[in-house]
Amino acid sequence: MPSKRSRIGSLGGAVLLLGCAFALAAAGNESAADNYRTYCTQCHGVDGNGKGINIRDMSVQPRDHTDAKAMSGRSDDAIFKVIKEGGPSIDKSVLMPPWGGTFSDEEIRDLVAHLRKLCKCSFGAAP
Amino acid sequence: MRRLLIPLLALALAAASGARAADPGADLLAQRCAGCHALAGPAPQTLAQLWARKAPDLFYAGNKFRAEWLRAWLQKPTRLRPAGEFYPDHVRRGAKGDEVDATTLAPHVALSAADAGAAGEALMRLKAHDDLVAAEKIEPGTISKSMGEMTFDKFLGCMTCHEIEPGFGGASGPELYTAGQRLQAQFVASYIRSPQAWDPKIWMPNKQVSDANILKLVRYLTVLSKEPGDAK
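Residue numbers (the numbering used here), protein chains in the order written: chain A, 1 to 127; chain B, 128 to 359.
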């Protein structure tokens, strides 16, 4: 017969597992790295250097996300906006499409943080 | 009499069950296509499922393809997606940037005329999204190629991902210079309106294209498919 302590432990574990499962189901979000690989690398490149497989005939070249100088010139809000609403929303190229129909706001915020890791920079503070 | 009736009844039952099973097209799909293509939905709901997809879904092939194109293509298949599916799996780093690694792309199997006819018929019966195509009304009309290309390329940036002639345009989406022969107009319209309604995790964005521009794009692709190799 299991002790009272072990029964409480098992119950706690089950509640914790259930809680995690609900959290995952509620979020439904993908990781920024996975989203970046799936949606962004086609133009911005597997290394984020702006040299994806689609660039050959593009009239405007994609942003190099590893360019700390250029990336530090954009605020996180501006990057959020351009991902969600597309290039024209910040007076940039129509070739950058709006991804608001693909990503949740939370996923876009995660992508902004991911871009900051790629450029190793923050707004107004290039290394 | 009874002795005669029982074998006859058995024979009739066997014939009936044989008739039900005799669907060479469906058998072909199950045996030769289902290994790579999904013949039943739903489309991938997560990136893990998307990444595992080996080839385009076919469970709405009857809403998507034109039957005559399908029959011909299955006999002489050509590459529709320059970077295959799933495209990042076929990309390598090159001297000037990323490039498609063609060595990782396998050719599509070719069918005999009889098999292509049977498979084509079976594919055209797969219609999971009648509702989506029924919502699209395509008014007859045309567009000049230059105006169409302006809308496609300059105004909407579709050429970023799609080729409009062999070797000209983007690589991550399917080529569109044969789309007018390949795809039903209502499908094209519906897919542009909301790619995610067909394929929730697809890497084509919803660009909020207006009804007027959707019509222009549908007409442009029709014009383009009649003049392959002439764009730009």
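Keep in mind that the hints were calculated from the coordinates and are not lab data. Treat the numbers as computed from the prediction; the structure is a model and nothing was measured. One should not assume that every hint holds.
[What the hints assert, rightly or not] Short derived list, chain A residues pointing at chain B, Cβ under 10 Å:
1) C43
2) G45
3) I55
Quick reminder that beta carbons are idealized off the backbone N, C-alpha and C, glycines included.
Cross-check of the supplied hints:
no.: 1; hint: C43; in the structure: holds, 7 Å
no.: 2; hint: G45; in the structure: holds, 5 Å
no.: 3; hint: I55; in the structure: holds, 6 Å
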